[in-house]
Every structure is written in structure tokens, then in C-alpha cells.
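There are 4 protein chains.
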Amino acid sequence: MKKVRDFKWKKNITVKDLVNELGHVGFQSIELNKASEVFVKMKKNNAKIFLTFTSNMVTSGLRGFFAQLIKLGMADIIVTTVGGLEEDFMKATGEEFNIGTFNSDDVELHEQGINRVGNLTINNESYMNFEDKMSRILQQLYEKKKRWAVSDLLKEIGLTLNDENSILYQAAKNNVPIFCPAITDGAFGFHLYLFQQNHEDFVVDVVKDFGNILLSTSHDEKKGVIALGGSISKHHAILCTLLNGGAEYAVYMTTAHKTSGSMSGATTNEAKSWGKVKDDSDIATVIGDVTFTFPMAMIRALEVLDEEDLLNA
Amino acid sequence: MKKVRDFKWKKNITVKDLVNELGHVGFQSIELNKASEVFVKMKKNNAKIFLTFTSNMVTSGLRGFFAQLIKLGMADIIVTTVGGLEEDFMKATGEEFNIGTFNSDDVELHEQGINRVGNLTINNESYMNFEDKMSRILQQLYEKKKRWAVSDLLKEIGLTLNDENSILYQAAKNNVPIFCPAITDGAFGFHLYLFQQNHEDFVVDVVKDFGNILLSTSHDEKKGVIALGGSISKHHAILCTLLNGGAEYAVYMTTAHKTSGSMSGATTNEAKSWGKVKDDSDIATVIGDVTFTFPMAMIRALEVLDEEDLLNA
Amino acid sequence: MKKVRDFKWKKNITVKDLVNELGHVGFQSIELNKASEVFVKMKKNNAKIFLTFTSNMVTSGLRGFFAQLIKLGMADIIVTTVGGLEEDFMKATGEEFNIGTFNSDDVELHEQGINRVGNLTINNESYMNFEDKMSRILQQLYEKKKRWAVSDLLKEIGLTLNDENSILYQAAKNNVPIFCPAITDGAFGFHLYLFQQNHEDFVVDVVKDFGNILLSTSHDEKKGVIALGGSISKHHAILCTLLNGGAEYAVYMTTAHKTSGSMSGATTNEAKSWGKVKDDSDIATVIGDVTFTFPMAMIRALEVLDEEDLLNA
Amino acid sequence: MKKVRDFKWKKNITVKDLVNELGHVGFQSIELNKASEVFVKMKKNNAKIFLTFTSNMVTSGLRGFFAQLIKLGMADIIVTTVGGLEEDFMKATGEEFNIGTFNSDDVELHEQGINRVGNLTINNESYMNFEDKMSRILQQLYEKKKRWAVSDLLKEIGLTLNDENSILYQAAKNNVPIFCPAITDGAFGFHLYLFQQNHEDFVVDVVKDFGNILLSTSHDEKKGVIALGGSISKHHAILCTLLNGGAEYAVYMTTAHKTSGSMSGATTNEAKSWGKVKDDSDIATVIGDVTFTFPMAMIRALEVLDEEDLLNA
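Residue numbers (my numbering), protein chains in the order written: chain A, 1 to 313; chain B, 314 to 626; chain C, 627 to 939; chain D, 940 to 1252.
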């Protein structure tokens, strides 16, 4: 049986060594270490990896890390909400987000045209620039065809960008599909609506895209889910693994608890009852802010996988 | 300045009297009492009321309460996720859900064909019956027309039902639109996909529905938001109020905290920075399990409104 | 198997009827209903009832309810922290606490001599008045004897008061001991220290009081624990039941989760591993703000017990 | 204004570099980075540093880290609960704790004599060995004198140990007082009680110890508080800084939220209203499991301080 071990700092300790030590420390550190181990296993065993995250994580600096993971081959399928994709596009086209505080004077921010997301802020101007660019892109896409599955649309948008740190760019370049089941739930939805007003035959086909995610993997293939935060991003990925026989590997990282019965707080164990993950799967649920739990667990996994030459060049 | 007041039990105390007393007790009780007051105000001032909730709340017995609120005129626009609508339909067609426990043996449940949602369970059989009925309905709808906005589709489905406790039924009957921005994120998505496989020209038009929610209210109209839980349901409603000049009234009830920057935990204050709610709006954020916070706060509001004859007969 | 049941509002619904209905609704409502049932059982079966709470609950209006419960015979042993006892004394001697907001300007409050506890406030003046009264009481007690067990000291203080809504008063009057294992952790600790400076032989004997709580019940007696919030109040009560063979009934109501391994979040299940509660005990853990979860669950229990004439007159 | 910066993994990244990067990532990562900065400042400016933690953290492998911090001069005053001190003693005398799971069969554990703390376990045997050793030590202490302030007692116990990783040992060796305001709230309380049964004149003087913590610092001295978790440990430290004019530096790391008005969730801002921390103090509140948030933030601080030769040899 694994023993609790006293943690001691050593000079210049690496993240990898810290996460290794945390495996003997207790509470959520144990789970974080286990999550890291599951990341390693899903890659080593060639699982198709679903990476899901919510918009606020793209507002944060995790955006570049997600893009890097796609490049390194650690994400084969992305599922997310549209807000994050909007912000990824904004950043890829020169917009910058600022660091503020959780205790802001929100009326004052509103007067200044500043929108708050926790302790981060986005200027109205960034949304206006986004609108300009997006309406031109929609025109070009419409000229290609009238009916678009969501993931195809997002790939085309990604191909218009040129930013190593962009999720849309890296996904398009590396043939990683991005699924976004609620594509209209953001500023982009408004632009799509305005465009359709003048182009009645323009259709965004969400039903078609259900087929696309369903066929993005199969019963025979091993499947791994990395669900950061809750929401439909998480649900859509595990619905897909459910319909494909269940995932062999699953890591849920969230601040939500199981006690309210919500999807955000639903555990990897609950997922077994549905067949979303297999009965004998490798699973971990880590409670904590994803902005640090995910980098820690994933960095250790990357170091291990890199030593064994299992990452893309 | 309002004083803290010692609470004392009196025999046969009503919910209304308890919630009135809680307004002097402290912490989340203060907020719950305030939420109740905002409910009263939004109705008295003829605001267009957006009611949003997540699927797990429909799994729970709140489903009948939501249906009742539609009937009473306390909800003019519904925004939710598709899982809840599936379960509303199941219950309306005779399926029953069971009460289990949070600490289940999920592998055993899986073997028995039982799916767990917190401490509630749904049998696989209910999903199979749902599939049968839904494929027939889709055929009928397809015969009417090929291209459907989501809320129109949901209204037609509601009209096929006959259950006072059904959200879909009451909404259809009372001309309350139901918006579901991620209509494919559930078993229903799978059925839509299968149907489209054989009916290539069948289209679910989510972009059109963005226009529908946008035009469901206006800048001139007063607007109130009741957001239960987080997810795209909450976001979609406040995106709509934002585009219509901001809500005058907003109550958020959730178990999520603002500290992770998520939409689920985003406060009514943060919403002011975006213009989702107006600077001088009446707002309340209540932290706690919606299965009891919402009935308590809403029951007091109903009693008050009923005394003034402001509810539908 | 218990079914989920749709909840419907009926005019003038009582708290009792609501809590009965919540037993069929789901998630934490199920647990809240169960907690209420455990309250009934522990009283019906003549268990010795430990009621524990943290100071902030006494700052709130629950204070009067706790006092009422002592009077009604629903609490045989109180365990709490000293802050709450200070505030109970303040209120019993005329001080009033105010309702503020969670988002205060704390620097401004500090300048005004106002201390904040969440969305409640206490004036510096109340602490000064407390000091005046307490130093006179300590002098009187010292004249009686030099060495005091904590619960004896608190009883004497309670006897100086005359307020139906006071915990100290009702406990003293009804021979309900109050245990406070960290008696010095508050303003009262400072006053004790100042007093001892001039009365070197004055001793507060915490070790003696451990014997008092230990002997306040026995292996043979049935025991019930109602732990509101976490902290040493909760731990001290269940340590006592552990040393007396374990409790037959236990309800934990808290906002803390089990995931961090803290005492505040420790569940009634975890308590079984220690023998703090018996293997076959009746238990419930309710997650939520105690200012409303506790009144709801307890009011229903009081109504049931009152009908069977099981409450003190 | 500080910008959000995309995070990118670099091979062999150190904890220090990660925490530096997290300062630009967002949400709790921002706060964690700030906490680290406050740790550096309190040491650089020669503040008297209060380190407080709850028992479960000593059950975990943080115990060795706390001991190391005392040795390095990063903690001048310790405040904690007695459970942690018992476990520190056990580990120092050869007992080992195991890693289990949050979802245990607690009845089975109980039968096996295994006590669970989250996902860690402690054997009954460890408690029995503790009892043997402690009764001998109490006898020796009693022979020295009859009346003991708590911190003096704990120092004597620390001097009997010889374990670099022990908090009691390092504290005794480095003249760092340990305050434990609820000394009887654990197995140790039971042993004290049994001992006093046969030695009636044995007194543990908690009032005297209030003076000791009060005089452990002064108005003139700069003060810093590192409060890990909530409970009386946190409260006792900030009560002491309040009585000494307020702390210049404060970091709260916890999983509790401010919404319930509890001490565990009380923020560094709320502390300003009381004068517990100064109006212009450097403060940070980090929400998350302390088993990883604290090592991360503190490791970066240690690396920075070590480069400037500000740690004890």
C-alpha cells in the first residue's frame, strides 16, 4: 500500500519532480498525480484524445497551451463553446486581454467599454474588430458553399489565421476537428444571424456535425477524454464516447462538486453508470482551478512522453 | 439600516413567512429573500421573464414546478439544454425516474442498464422508448417542412403531448418559446442525425433561432432573467438581454463560485460590466442547491403576486 | 424504490409540506428531507442530542432559533466556538448587529469602527460594552472560586442574563452544558488574559472540561449529533461520541466538500471509519448554507414532534 | 496594465518558472502568483511570520514541508489544531499513514481498525502507540512543574523527538512557539484528562498562553500571516495580529468561499474591516486545495529568497 511521504523542497525543483512527489502527499494532490498518469497512458496506448474546455479558459493564458498540445499530438478532437473560439480568433488577430481584479466596480467598467471575466477583461473594441473580420470571412465561405457543418466552418476560419498560439490555427493545420455544439451562443451567433438575414440559403448544419463527431472515432479505437470544466463541451465529448462504446481513459478537472447533480460536477465514476467511460477505465477527477491543475498534471505527462519520444516534433 | 433579527419557529409556519423572516437572518438567506423580492418586481413591472435551467433540474422534481410557472405566467421565454427536454418528454410519455444515492456502485448500475445523475437514476429503457416516439414525430415534422428553427421544432413536439406537468406541453400551449442553443447535445441529437441520414434535406436551423430569441424581446421592453445553474442556458439568455440593452432584473441561483472565472459562477455584478444587466438593475445571486433555493424564493413571490391577482388563472 | 415526483406549488404551503415534497425532488433536497427525518428519530428515540455550530451562525439570526431549540428539548449538549458566545452575550445585553453586503469597502468600514462577517456587521462599540460587562462578571466568578471548568464558567455567565433568545441563558436555565474547547480564541480570551494578569491563581481548566463532555453521555445512551458547519465544534462533539461508542444518529450540514480532506467537509460516512458514528446509524450530509437548510429541515421535524407531544412545553 | 499571456511548456520547466508564468494566465493562477510574491515580501521586510494550518494538512505529506519552512526561517509562530500535532508526533515516532481513496467502504475500514481522512488513512495502532508514549512524557513534565502554558508544553514534547521532518521537533529546536488554542480537542485531550484524574493539581493554562501569543510580536514589528485552511488556527493568528495593530502581509489559502460568512471562507479583504490586516497591506486569497497551491506558491518564494541569501542555512 502506498504510504504518505513528507514533501521537501529541493533547489530548482522541476514541475515534473513536484508532481511526482505530490503523488505521495494526499487529498487532491493524489488525484492530480493520477490525472497526469492517465494522460501518459492515453497517449502511450494510442487513444483518440478528446480535449474539452470552456470559454473562460481561452480568455486565460491556457489558450497558448491548448494550441501547443494540439501541435504536440496530445489532442485529436476539440470540443468547446463558441466564446472561447471568438477570443482565440481575437488574440490571433492582434487583440489583447488584460488582467484586472475579481472585486471591480462593474458599473465603471461598463462605462469604459470593458467587459469582465473573473479577474480578466476584454475591451468592447476587440469585439468590434472581430465583427469586421468575421463578416468578410463569412462572405468568402458562403461563396464556397451554402450549407456548412460547424467543424468544417471552424476549420476554414482556422486556415485564415497565422498564429502558432492559436487553437483554431493549430487545429486546422493539424487536422484536428473542433466541435462546438452551441455555435450560435456568442457574438459569432449574432454575426451568423446578420449574415443569414441577407443570405437566406446560408445554413449552419449542426445535425451533420453530430455525425462528424460520432464518426471521428469508433468502437474499436481506444478513447481518452480530458474534460476541463463542465458545460456542453464536456457532455458532448462523453456523449460521443458513450455512443462509441465508452472511453478507456478519462480525466475530469473542475471546480464543481457532484453534490448538485450537475454535468459540471459529475464524476468519472458517475460516467461509468452511463457507459460514458468503461467499467475498467483509468480515471481521475481533480477538484481545483484548471489554470494551475491542468498545466501541472499535463507538464509532467509531457516530460515523461517527451523522454520516450512520443510527442510530435 | 436593516438589523439582524433572531429567528423563531411558530407552529404551521408557511414558506412565505419563513422566507420573510430569512431576510433578517444573514448570509445566503439574505440573498434568497432578495431574490424573491426581485421575482416579485419583475412580474409587477411587466418584464419579459427569461427562465433558464440545466438538464439535471428537469431530471429532478423541479420539472413540474417549471411547467406550473409557465402556466402561471412567470416565464415568458425558456432557455435550456436538450437533456432536460428529452427527460421532460420521457416523463410526459409515462417514464419514471428513481431516487438512488450519490455513493452508488456505478459498474453495477451500468450492468443493470441504469444511468445515474447524482442521486437520481434513469433506466436505459426510458431512452429506448424515447427513441421510438421521437422518430415518428420527426417523420411527421419533416412532412410539414424541411427546415426548422429549433424553437419551432420544440413547439411542435410540445403540441404532441398532453401532460399538465410537462415543460414542453405548457410552453407550447402558452406560446412560450423554448430556446435550446445546443439542440444536438443529447440523445435527441443522435436521433436527428439518424433521421438526416435518410432525409438529406432536413435542416435544423440554429442561426434562424438566434433571430427568434433576439426578437422575442426589445430594447423598450423591461427584461428579467432567472438563471438557475450555469451553462449555455444562462449565457444564451443574458446574451439576448445584452443585445437588447440589458436586463432590469436578474437573479442567479447556482452552486458555482465566481473564483474560477466560469460562466456558471459569474455574478450579477460581473454581468453589469458587459451590459447584460443594467447598471441600476435589481439583482441577486444566491449560492446553493437550486432544488430548494428556487422553490423557497419563488413560492414566496407566488404568494405575494397571487394576493395581488398578478398570476394567470 | 422511491420515485422522483414533480413538485407543484399550492397556496399557503407550509414549510412542513414543502420539506415533505422535497423528499421526492432530488439532489440536496433529498438529503435535506432525510436530515429532517433523522432529527425526528433522534428525538423520538431519546438520544442525547449534541448541537454544534460555528460563531458566524450566532452572528446571524439563527441565534434565537438555537435558544428556542434548547428550550424545546432538541439540544442536550452544545459545542461551539467562543466568538458566537460573545455575540450571544452582546445581543442579550442590548447590542444589535446590522445587515450589510458581501462587497463592502472594508477600508471604509474599518475607519467607521464597523467589523464585517460576510454580509453582516458588528460595531466596535459592541465589543467595548462586552468588555465592561465581562470584567465585572469575571471578578464575581473569581470570588466564588479560582479554578473553573469552561462549561461551569459559561453556565454562570448564562445565569447573569435574562433573554429568552439567548443561547447562554436558555442553556443555563435548562441545564444544557455548553462546551467551548477553544475558550480563549476571541475577545473573551483577551479579557481572561487581562484578568489573570492581576489574579495569577485564576485558572480556566480545559482538561477538566474534557471530562465533563465525556461524562455528559455514555456508551449505553443513544447519541445524536447535529453538526452545523465544521471547525472544532463539530470535531469535539464527534470525538466525544467516538469515546462513548459512536452516535446512532448524525446530521452534518455544511458548505464544505469532502475533497480537501478537511474536518469541515468530512462526511457522515467517513465518520463511520472512526467509529464516530455507528456502522448502522441514521445519517445525512446536507451541502448548503446553514441559514436556510437548518431551519427548513428542523422546522419540519418540530412540526412532526409537536404533533406527537414530544417537545418541551 | 498587465496583459494575459499565452502559456507554453518548455522542457524541464521549473516550479519557479511555471509560477512566474501563471502570473499572466488568469483566475486563481493570478492569485497564486500574488501569494508567492507576498511570501517573498514578508520575509524580505523582516515580518514576524505566522503560519497556520489545519490537522488534515499534517496528515498529508505537507508535514515535512512545514518542518522545513520552520528550519529555513519562513515561520516564526505556528498556530494549529491538536490533531495535527498528534500525527506529527506519531510520524516522528515511526508510525506511517497510508494512501486510500475518497470512496471507501467505511464500515469495512472500521472493522479493520483503519480511520479515514479523505483519501488518507491512519491505523488505530498508531493512536495506541501514541497513547503509550504520551503518558510517559506527561509524567516527566508533571515532575518539572504542575501548571503549563500550552506552547511551553508543546516545546517540551518537541524536545523529546529527533526527526528533521517533524514540526514539533523543528519548532522546539528553532525556538518557534506552537500555539494550539483547543489543546484538548483530540486524543491528546483524552490523555491529558486521564492524567489529571490521578494528578488533580496538573493544569494546562490556556489563558496564560493567550498572553504568550499576544507578546510573541508587537505593534512596532511588521507581521505576516500565512493561513492555510480555516478553523481556529487561522482565527487565532489574526486575532493576535489585530491586537497588535494589524498585519502588513496576509495570504489565505483555502477551499472555502466567502458566501457563507464563515471564518474558513473569510477573505483578506474582510480582515481589513476588523483591522486584522492593515488597510494598505499586501494580501492574497487563493481558492484551491492547499496540498498543491501552497507548495507551488511557496517554492517560487523559496527560490527567490534563496538567490538573495535570505533563508536560514
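It should be emphasised that the hints constitute simulated quantities derived from the structure, not laboratory data. Take these hints with a grain of salt, some might be off.
Chain A stretches covered by chain C per the calculated footprint, using a threshold of three residues with CB under 8 Å from any CB of chain C [unchecked claim]:
| no. | segment |
| --- | --- |
| 1 | 24-34 |
| 2 | 259-268 |
A short list of chain D residues far from chain C (calculated; beta carbon distances all over 12 Å) [what the hints assert, rightly or not]:
| no. | residue |
| --- | --- |
| 3 | K941 |
| 4 | N959 |
| 5 | G962 |
| 6 | S994 |
| 7 | D1044 |
| 8 | H1158 |
Just so it is clear, CB atoms sit at the ideal spot from N, CA and C, and this is done for glycine as well.
Comparing the hints with the structure gives:
no.	hint	verdict
1	24-34	holds (count 3)
2	259-268	holds (count 3)
3	K941	holds (23 Å)
4	N959	holds (26 Å)
5	G962	holds (24 Å)
6	S994	violated (7 Å)
7	D1044	violated (9 Å)
8	H1158	holds (15 Å)
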